[in-house]
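Kindly produce the complete structure, drawing on both the sequences and the hints.
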Amino acid sequence: MIATFNSIALWTLVKREMIRSLKIINQVIWPPVISTLLYVFVFGLALGSRIQNVQGVSYAQFLIPGLIMLQTIDSSYGECSSSIFQGRFMNSIQEMLIAPMSALEMVLGYVLGSLGRAVLIALLITGLGALLVHTWPQNWLLYFVVLCMVSMLFSSLGLIFGLMAEKFDHLAVLTTFVITPLTFVGGVFTAASMLPPLLQRLELVNPIFYTIDAFRRSYTGQGFLPLWQSLGMIAVLMILSLAISFRMMASGYKLRT
Amino acid sequence: MSQPAIEIDRLVKRYDDFTAVNGVSLRVETGEFFGFLGPNGAGKTTTINAIVGLARANSGSIRVFGHDTQLEWREARRLIGLAPQEYNFDRYLSIRDVLIFQAGYFGLRGRAVKDRADMLLERFGLASKANQEYMKLSGGMKRRLTLARALIHQPKLLILDEPTAGVDVELRLELWHLLRELNGDGLTIFLTTHYLEEAEELCKTIAIIRGGKIVTQQSTESLIADGARLQDVFLELTRA
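Here the protein sequences line up with chains S and W, keeping their order.
The first sequence begins at 16 in the working numbering and counts up by one.
The second sequence begins at 5 in the working numbering and counts up by one.
Please keep in mind that the hints were generated in silico from the structure rather than gathered at the bench.
Where a beta carbon is used, it is the ideal one built from N, C-alpha and C, also for glycine.
Worth double-checking, as some hints may not be accurate.
Claimed, not checked - To list a few chain S residues with every Cβ distance to chain W over 12 angstroms, as calculated:
| # | residue |
| --- | --- |
| 1 | L28 |
| 2 | S64 |
| 3 | N68 |
| 4 | G124 |
| 5 | V148 |
| 6 | L157 |
| 7 | M179 |
| 8 | V188 |
| 9 | Q244 |
| 10 | L255 |
| 11 | I259 |
What the hints assert, rightly or not - Pair by pair, the computed Cβ-Cβ distance ranges are:
| # | chain 1 | residue 1 | chain 2 | residue 2 | range |
| --- | --- | --- | --- | --- | --- |
| 12 | S | L197 | W | T34 | 36 to 46 angstroms |
| 13 | S | M209 | W | R113 | 47 to 57 angstroms |
| 14 | W | Q7 | S | Y268 | 46 to 56 angstroms |
| 15 | S | F183 | W | V173 | 31 to 41 angstroms |
| 16 | S | I40 | W | H181 | 51 to 61 angstroms |
| 17 | W | T34 | S | M105 | 49 to 59 angstroms |
| 18 | W | D13 | S | L197 | 50 to 60 angstroms |
| 19 | W | E185 | S | L255 | 24 to 34 angstroms |
| 20 | W | R113 | S | M105 | 19 to 29 angstroms |
Below you can see the structure in the form of C-alpha cells.
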C-alpha cells in the first residue's frame, strides 16, 4: 500500500538539506555569524554610540533584529537556490525524481531544510545579541512566526530561481540586484521614523521593509506599520511564492523533459 | 499468466520538432532479462526516461506491473530501480547514506533499511568504503554503487542504462555474474547496452530500436538462429 503523502521522503530531504548545510558550515553558517559580529561592532558599537536611542533601545540593540532578518533572507534564498541548482547540474536530483515523491513533498522538503538552516543562524545571532548588546526577543511567538514565514518566502523564491537558472551566475542576479539593495534600505540600519516622509512612503513598496518591521516588533514591541499589515503582506508573498514554486515543480520545469 | 513487467503502448516522445520515440510498443514479461538495443540517438534512453518518469510522453501509455506510470505513478515508481549511465550520486552523502537516503525517498526507513544497505555494500564489495564519499571511489566501484542504490528499495524491475560502459573486462564479467544472480532471484531486468556480446550473453529477449521505432522484438535465440552473429543482425536492422 502506497501512502498518499510520502512523509518519510519529505523528512529524508529535510535531513539531507541539513547535512548539506553542516558539510559546508564554513561557507554557509559561520560567515553570516561573523559578518553580523562585524556589523554590530562597526555600526552598532562604534558609530552607533553617536546615535540616540531608536524605538526606545540603543542603536546596537536596534540593529540585531534587522541583522537577523538580513541573514535569514540571504541564507534561505541561498540554500534553496544553490541546492536545487546543484542537484540539476549534477543530476543528483534524479534520485528524487524517479522516487514516489510528489512535487509538494519536494517543495516542502527543500523549504523546511532551508528553514532549519535559517533558524540555526538566527538563534546563533540572537545569542550574540544577548551576549554583546544585552538584547533578546520580548515576544518569542512573534519571533518564530515571522522567522518561519520570511524563511519560507525566500526559500521558495530560491527554488524558483534555482529551477530557472542556467548557470550559477544566474542565482546571484536576484541577490545582487534586488534582495541585497532592498534589504539594506528596508530598515536593517534605519527606522522608518528616521526617514523623510517621501522615503517613508517608498518603503511601503519594499516587501523586505514589512519583514524587518514585523520581526523587530518581536524585540522592541514597536513597529512602523500595524502588525496585521506586515504579517498580511508577508503571508501573501509567501503563499504566492510557494504556489509558483509548487507549480514549477509539479510541471517538472527544467527537471523532467 | 502473470502481469507483464513493462507494457508500452504506442509511446511517442517529441522534443520540439524532433521525434525521439515514435510509436514504440513493447512488452517485457515478469522475470525476463530483456535487452533493448539500438545505435546512439535511437531513443533508448528517452524510452527509459519515460518509464521512470524523467520524460513525459506526448502520447501512448506505459504500465509497470499493471500500474499506469502517469495515473499510478507512486505505485509504478516503487517497483522500479534505475541504474543510470551517468553517475549522479549526492556528493554530500557517504556511500552508506547514498543508499539509506535513496530508500528514504522511496518511503522506507528504520533498521531494516540500514541492514539492507549494509548487506548490499557487502554483496557489491563496498563495505570497506561505506563511510567514504563517492568521489573517492574508483570507476568500477561507482558502477557497483549505482547498482546497489537501484536495489535498495527492493524493486521488482531493474532498469540498467549501459551498466558496463567504460569498465574493464574483469569487472564486466563480475557485473554479468551479479546480474545473472539477481535475475535468477526473480528480478526482471531491462538492459540497454552497446556491447552486443553482453546482450547475447545475458538477455532472453531483445528489442532493437532505430530512429525511435522498434524494428524487431524477439527471443535472442531466434534472432541469432542459423549461426547468425548478433552484430550482423544488428547492423542489418539499424543501417539507415
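Against the structure, the hints:
Against chain W, the non-interface label of S:L28 is violated: not every CB pair exceeds 12 angstroms, the least being about 7 angstroms. Chain W leaves S:S64 outside its interface by the beta-carbon criterion, the shortest separation being 44 angstroms against a cut-off of 12 angstroms. With a minimum CB-CB distance of about 46 angstroms to chain W, S:N68 clears the 12 angstroms threshold, and the non-interface call stands. For S:G124, the non-interface assignment is contradicted: its Cβ lies about 9 angstroms from the closest Cβ of chain W, within the 12 angstroms cut-off.
At roughly 36 angstroms, the least C-beta separation between S:V148 and chain W is larger than 12 angstroms, which holds for a residue marked as non-interface. Distance to chain W confirms S:L157 as a non-interface residue, since its nearest Cβ pair spans about 34 angstroms, more than 12 angstroms. With a cut of 12 angstroms on Cβ distances, S:M179 stays outside the contact zone with chain W, its closest approach being about 19 angstroms. No Cβ of chain W approaches the Cβ of S:V188 within 12 angstroms, the least distance being about 25 angstroms, so the stated non-interface status holds.
The beta carbon of S:Q244 is kept farther than 12 angstroms from every beta carbon of chain W, the shortest such distance being approximately 41 angstroms. Distance check for S:L255 against chain W: the nearest CB is about 26 angstroms away, which clears 12 angstroms, and the non-interface claim stands. With a closest Cβ-Cβ approach of about 20 angstroms to chain W, S:I259 is found to remain outside the 12 angstroms limit, as its non-interface label requires. For S:L197 and W:T34, the Cβ-Cβ distance of about 58 angstroms falls outside the hinted range of 36 to 46 angstroms, so the restraint is violated.
For the hinted restraint 47 to 57 angstroms between S:M209 and W:R113, the CB-CB distance of approximately 53 angstroms keeps it satisfied. As the Cβ distance of W:Q7 to S:Y268 is approximately 34 angstroms, the hint placing it in 46 to 56 angstroms is violated. The supplied range of 31 to 41 angstroms is met by S:F183 and W:V173, whose beta-carbon atoms lie about 40 angstroms from each other. The supplied range of 51 to 61 angstroms is broken by S:I40 and W:H181, whose beta-carbon atoms lie about 43 angstroms from each other.
For W:T34 and S:M105, the hinted distance range of 49 to 59 angstroms is not satisfied, since their beta carbons lie about 34 angstroms from each other. With their beta carbons about 53 angstroms apart, W:D13 and S:L197 fall inside the hinted range of 50 to 60 angstroms. In this structure, W:E185 and S:L255 break the distance hint of 24 to 34 angstroms, their C-beta atoms being roughly 53 angstroms apart. Taken as a hint, the range 19 to 29 angstroms holds for the pair W:R113 and S:M105, whose Cβ atoms sit roughly 24 angstroms apart.
Checked against the numbered hints above, the structure breaks hints 1, 4, 12, 14, 16, 17 and 19 and satisfies the rest.
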